[in-house]
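Protein chains: 2
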Amino acid sequence: MSEIYLGIDLGGTFIKVGCFDSDLKLLAKTSAHTEAEKDAKTIIENMAKAAEQAAAKAGFAMDDVSAVGLASPGPAKYREGIIEAATNFPNLRNIPIRRMLSDRLSGKTIIFENDANAACFGEFVAGAGKDVDDMVFFTLGTGIGGGIINKGKLLVGAGDNANELGHIIIYPDGRLCNCGQKGCAEAYASATNTAKRATEAVEAGEKSSLKKVLDEKAQITCKDVYDHLKAGDKLAKKITDETAKALAILCINVLHTTEPARIVFAGGMIAAGDVLLNRIKDYFNEQIWHLKKETVEICFATLGEDAGIIGAAALAKQAEK
Amino acid sequence: MSEIYLGIDLGGTFIKVGCFDSDLKLLAKTSAHTEAEKDAKTIIENMAKAAEQAAAKAGFAMDDVSAVGLASPGPAKYREGIIEAATNFPNLRNIPIRRMLSDRLSGKTIIFENDANAACFGEFVAGAGKDVDDMVFFTLGTGIGGGIINKGKLLVGAGDNANELGHIIIYPDGRLCNCGQKGCAEAYASATNTAKRATEAVEAGEKSSLKKVLDEKAQITCKDVYDHLKAGDKLAKKITDETAKALAILCINVLHTTEPARIVFAGGMIAAGDVLLNRIKDYFNEQIWHLKKETVEICFATLGEDAGIIGAAALAKQAEK
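Here the protein sequences come in this chain order: C and G. Counting with our numbering, you get residues 1 to 321 for the letters of the first sequence. Counting with our numbering, you get residues 322 to 642 for the letters of the second sequence.
Once the Cα atoms are required to be at most 20 Å apart in a straight line, the calculated PhoX-like pairs of lysine-lysine come out as:
no.	chain 1	residue 1	chain 2	residue 2
1	C	Lys293	G	Lys398
2	C	Lys321	C	Lys108
3	G	Lys472	C	Lys77
So the derived label-pair ranges between C-beta atoms look like this:
no.	chain 1	residue 1	chain 2	residue 2	range
4	C	Gly107	G	Asp562	52 to 60 Å
5	C	Lys130	G	Asp562	45 to 53 Å
6	C	Lys321	G	Asp548	53 to 61 Å
7	C	Cys299	G	Asp562	39 to 47 Å
Partial pick of chain C residues on the chain G-facing surface, computed with a CB cut under 10 Å:
no.	residue
8	Pro75
9	Asp133
10	Leu155
11	Gly159
12	Ile168
13	Tyr171
14	Asp173
15	Lys182
16	Ala246
17	Val296
The set of hints was computed from the structure by calculation and includes no laboratory data. Remember, predicted model here, so these are calculated numbers, not experimental data. Here a beta-carbon is modelled for each residue, glycine too, at the ideal position from N, C-alpha and C.
Let the sequences and hints guide you as you build the complete structure.
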């Protein structure tokens, strides 16, 4: 019988699990409530049940599963299997999550990885990066997560905190980031901060059709910004341009560092479509050096929300080989 | 008999060659004029003779040499062995330098690498990075060269142009860099641009003891800036602070990308000593995030001008294993 792998994506609201064959074909998928506010044991039980259900749905018992990949937000000591202080899990403080889940699943091998890294690896093995060896990945959501593939492998630094690409500083002494630094790319170009900059501009009195949104809903979302951009609003265009420019600078900076063949953007914000992608490319072409022609491709991810479970399963498979 | 390796550092003025044993102990060193303005054949002949002399000086014939490492400035197609358009070599245009040198040395294996990468690898195997696995290297000269060691290996990108760390943009729309980009770290913090910013400030009328230097010598060097800083000149302090801050931002950006355990600065500018190093560390501590305590060490290189030949020989040794 061929090998079976499970990929678990532990989110603040939902646990998603995919059951994959050895070609990383998705056989079955389940999801469950995380109950992130509860204790470690409950959260681990929720993961284990969802995992067993995913295997069962695909017609397998847990005994048939070769290994399990677990993707979770950080900070965590991934190599040691310990979740330290993930933002949305108030009770997961220095919890040996890898060992606890393995114990619950009869000693199954668990590969533990950062969720952005797992999604990056998913896009690399099965999505937008599947035909290259060197890739950089950005996920644009509340923050900006990152991942780097170098010669077919996820780049791992001296500790467990490489690939924090959203915290590359592009405007020294600029906007304050949640991390405490000033001028991080994330402070400008994440979905949340794109919306926030629009809100600040409207509140400061800039003329925009977004004012009506703020008045009626008390907030502006990133989707609102792109909707109003498409409808011709000038402020929405300015905000989008600033986001695209920050992302283009980020592309140039990672190009000059690890030199990927492809740069892949993922996350909720890519729903904006070509109106965003084309602006990123425009700024990239405007800002990049003239020493040589660059051939790096900038594109959007193709796997959507499944990237995390695919990547987690692929990492489990890679570790077993 | 133990293995012997040669490391060649091809510079615009001098060719330096070191002959090393299998523990990378330097047995003999030679240097020769490059004659960079001449044709490829002459330059290659100059390298070959210097290589033969280095081996002879250590008591060996070329037949005893296991492999040769050749470090040269770029841009070059290092993996293909072709020097494309290196700045100081007007006649080396698309020259298959690796094959030509190998032919001249009776088919000897030649490992061809970027000079900053070779110096980085030298510091990694025998200098400031010899006790870590993950390191980032900056060389501060006319420009800012870079190198990245990840898990004991020199990072190589999709082409031959990873590690162009001086061209990380830290001030979008800032100073124009020689590469055509605006706001590169190199445009602020290389030795040449540190001196240039001082000259520009004095010419713009800023009060400084450096004015006398400019009046008498018609130029200000980077060494002048640090000499006048030590003598208490305020403009020299301001220029140094700007350089140190740019380098600190660069450190933060590479930390969040490949997460080295150590960041090593090399090149002529480190002669400035602690007055520069301590300012870089101060700005790093001021600008770095608060999410977790960083343990990366920032220090100066220890091998001086030999880093290139040691690194080239070490790369030759690594390739032979």
